[in-house]
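On the provided structure of chain A, position chain B as indicated by the hints.
First to last, the sequence lines map onto chains A and B.
To convert, count from 1 in the first sequence and add 1; that's my numbering.
To convert, count from 1 in the second sequence and add 1; that's my numbering.
Simulated from the structure, these hints should not be mistaken for lab results.
Have a look at the derived ranges for each label pair, beta carbon to beta carbon: (1) B:ASP702 with A:PRO141: 44 to 54 Å; (2) A:ARG96 with B:GLN41: 29 to 39 Å; (3) A:ALA56 with B:ALA660: 48 to 58 Å.
Which residues of chain A face chain B? A partial, calculated answer using Cβ under 7 Å: (4) GLU139; (5) ASP140; (6) PHE151; (7) TRP181; (8) TYR183; (9) ASP184.
From the three backbone atoms N, C-alpha and C, an ideal C-beta is built for every residue, glycine too.
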Amino acid sequence: MDESKIEVTRILQAINAGDEKSSEALLPIVYDELRRLAASQMGREKPGQTLQATALVHEAYLRLIGGQDTDWSNRGHFFGAAAQAMRRILVENARRRNRIKRGGDRVRVELTDVADEKNADEMDFVVLDEALRRMEEEDPRMARVVMLRFFAGLSVNDTAEAMGVSPMTVKREWACAKAWLYDEMNAE
Amino acid sequence: MAAGNLSRVKSLFNEALGMPSAAREAWLRDQCGADNDLLQKVIRMLEAYDGESQFMENASLSFAGISTADVPDVIGNYRIIQQIGEGGMGVVYLAEQSEPIRRRVALKLIKLGMDTKSVVARFNAERQALALLDHPNVARVYEAGATETGRPYFVMEYVPGEPITKFCDAHHLTLDVRLNLFVQVCNAIQHAHQKGIIHRDIKPSNVLVVRDDGKPSPKVIDFGVAKATDQRLTEQTLFTEHGVMIGTPSYMSPEQAELSAIGVDARSDVYSLGILLYEMIVGVLPFETTDLRRAALAEMQRIIREVEPSRPSTRFKSLGVDSGSICETRRVDRNTMQRMLSGDLDWITMKAIDKDPSRRYASASELAADILRHLHHEPVIASPPSAIYKLRKFARRHRGGVVAGMLVLITLIAGVVGTSIGWQRAARAEAIAEARAEEAKRQAELANAVNEFLNKELLGAVSPSLEVGRGRDVLLRDVVDVASDRIAASSAEGGRFHDKPVVEASIRETLGVAYMKLGEHGASEPHLQRTYDLMTELRDADDKDRIRAVDNLANLFQISGRHRDAERLHRDALEAATRELGSESPQTLVVKNNLAAVLHLQGKYPEAAALFAEALEARKHVLGLEHKDTITTASNLASAYSRNNQLDEAEALLREWLAVARRALPEGDLNTSYFLKNLGEVLARKGNTTEARKMMAEALDVRRNLLGEEHPITQASLHDLAVLSSMEGKHEEAAKLFQQVSDVRSRILGEAHADTLSATSNLANEYIALGRAEEAERLLTESLKAAGGQYGVEHSITMRVMYLLGWLFTEQQRYDEATAINLRLIETQRKTLGNRHPQTLGTLETIAKAQFEQRDFAAAEKNYRELFETLRGSLGRDNPATIRISDSLASVYVAQNNVDAARPLAAENIRIQLELANQESATAAQKMRCAKRLLDVEPVDLRDPATAVMLSREASVLLNHNDADAWALVARAEFRNGNQSAAVDAQELAIQHLPDDTSSSKRAAFEKQLAEYADE
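Just chain A, with the same shape it has in the complex (with noise of 0.2 Å):
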């Protein structure tokens, strides 16, 4: 935790010394952080209990970078990765899901867990992830807001400030980028 917690900062200070190419290194620090956050609140949760997947990014934020006083760059590089981390997990745990649901790759017994039975308004995190592919081939900051309203679970300001663009923008951004999401996901 503490070693995860050191280098995370390393990282962040090669960052803001222009090393640009270390913010791909946050990426499975945090992706660690967020399963091991999420296994353990599973463990402590209701089976069929849900999880606030931002909320879980929120409690990595504190462990990771915590006190420290950091400026919004920073922040955002730091949001940026967490929101790629748990698009990730999101999209493997759906993939696993769906592959037991369709017998999977090999025997295996059903599990009769309650939350196994699709949710009408539960999210495909796969198609989700597909469509989201599509609009970061043509539109990034678009695809960035998503990632950072959805996945980090930060507020329209913050996002803002993280992207340094105005609220406005965001706002504009991110309902054109829900209405665009929604009919492609249902389109087929």
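The following block gives chain B in isolation, referenced to the frame of chain A:
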């Protein structure tokens, strides 16, 4: 999918949003022109925007299943195949291991919220013991670990079976069959108890029944898991997330139900077994589970602690019409069932689940024995027969307060007696039955079960008392005496065991071993001898029993100092085993290993090494390289090499097997630390103290991690490092460490414990080296008093203290006192250790030295000669010890002006040492030793200072020119060789290179030497 060009979509969407809804479509049509896809897309988006206000809103999302739906592909080294169960503790998977062997295992993944580190640590603390579990009715537990996400898991033998209660009902097993199954469960639990493992969570789902060759065979699973996960009765562990109680506290003993959960021992398991028995025979639990399930925690505890359960027969009766299906699954009618339960089974069950642990059966095997008695229509212990009363009274007459354990023992012996009465009755009743032989076999099995308990559980438990004083064993003695008289009478002509040699042998074995453990070697011998005779004569005796009989008698001989008799027995046994079982049979190899051990004890190292080497080769072949017995033999062989001063062989072997141990054992395993320790010892003796320290420090690390700082084994490692410091001449440091060890041991073990005294006497030894003779003398005198009082003069620690005291007196030239104590010492040593034992020889050397100093040359010559002959015979002429003694013998000859007798001895020594010192691989120590000899040898005409200069300078080079002692030797050699200035130079370098912690006396001696060289 819709039209691309997101930026175009975006600007249209944003602008349309700013318009009144009604105006949007017309405007959009206008903007899109012919691009209908684009138009439709933006319209759908606008609809979505208006309608799906919750979509991705709040920037939050929910997901479930990281933990519950997360069936991992791989955990640790195991590939998960499927989930096979789920309980309050977590999920159980069927998994496959591929390395080092391919096998299917059950992997229990513990739910989160537990402190993984302490779960794994607690498991590891018990894994040594768990590894010893080897019983057909015990599922093996292989490993505990943690997943990447930090969840602890346990890996164990996969048992494809059903919970025992379910199995019994599904197969409509009768009560008798159920009871027989249950006895097997007891045996499994008993086996674990003998290895020091308490299960703590016995319940139907942990006792699975599989069909073994069509025969139902129960297997107890989950050993070590309850302890590692520290399961207690708490709100948290009892209720699942849905508020439903998981598992049930029904099987939990009252002492376990306490939150503090102290005092949980084997009898807690007996309680759980009792509840299991209750459920298996009656069909329901003693308490209404719904009562328990509904109760709040405190109420639940109260029920378990206070409410007296109904007897099985009463409980069954109270079920009324509900008992129909219970009767059906047991294939009896209600009245018969009622009759079968009342009486023995009521008593047995109620005794097992008594609220007071001391009133329960003392062990699982005792419970099993009582059930067997019931099945054989013999009187059971549970309903008190009068014999127990008699014996109880007997015990009270002999000692006011009778401790609980003693009562148990008495009960047991009464059991043996009562049982034998039962046999007689049975024999009469079945006089016409042809099953007599079968009966005899059952009797023997029964006696064995009782004996095993008596032997291992009880006497095994008190055997350490041999070392902490004999006071409380008086009663045990009395009891064994009574039993001994009875067996003598019973086996005489007309006695009840007269024609039951197996039973007699088995009981005599127990008594003989009991006496042996009480230190009553004389009383033990007739029993063990008779057992041996009976087993030798019995044609159909089991080979294992026979070998054990020989082994016991040999052990008795061994500890009563009759090594030669022990050796003879083992040799006979080895010959017989080789003949009958073949030279590679596992039993033959056990005997071979034991014979080698006796030889080793007698100091016959070369022969011991040869036998160990044979046994090792065979075991490698028969058991495999990584089997624990193979590893043990390797360790023994290394020890023999080491004692025989074949340090190179010992080192090579230990390095090889350290690697095996590292590979075969999990990281940080205690056994690895033994190899590290032994290798460290050998390296230290070879003078490679740097690497020795590394090994010993690693051993210490392993032990600290595994056992904690104050554990005796950890302290032993600290003790080793202290010895190492002492060898390196760092006496201050050594004294400090010995003091630490001595303090901890005083606190943990008591001041008068042998291990404490060992550290204390070593501390005294350091004081001697540091010139603090008074403190040393005080410590040794106190230790001698404590050791003599506690252990008697024949105990090794007493002898060690005497030896040191003798040495101290010798050092102080108080030869009369030294000789007085040494003569007493050697008398004991000759008796207990034999004439050839290294310690006997060490004392003899001290005595000879004192005699030499007191100019009693004739006596000194006689003793040195004995030493020389003995060592030349056992260690060989080239051994350093032989060389040292022959040197002293030469000096005695010289002192008596018998130069002619001295010369050949001294010359031979020089030849040997020169050869060694001039080898390519010669160490600095060897070169220095040879140089010293060339300077000091008697007769003086053999001295050769020029060669000494050469050798000492070579040694100094090997030590990188920075060793003070090497330089001092160079100085002395140069001086004797007539090169005064070279001597002064070298001595100055010697002083320069003295380590910082050198004692002031040594420094002064070096300075004085320098002055002497400069003076000439």
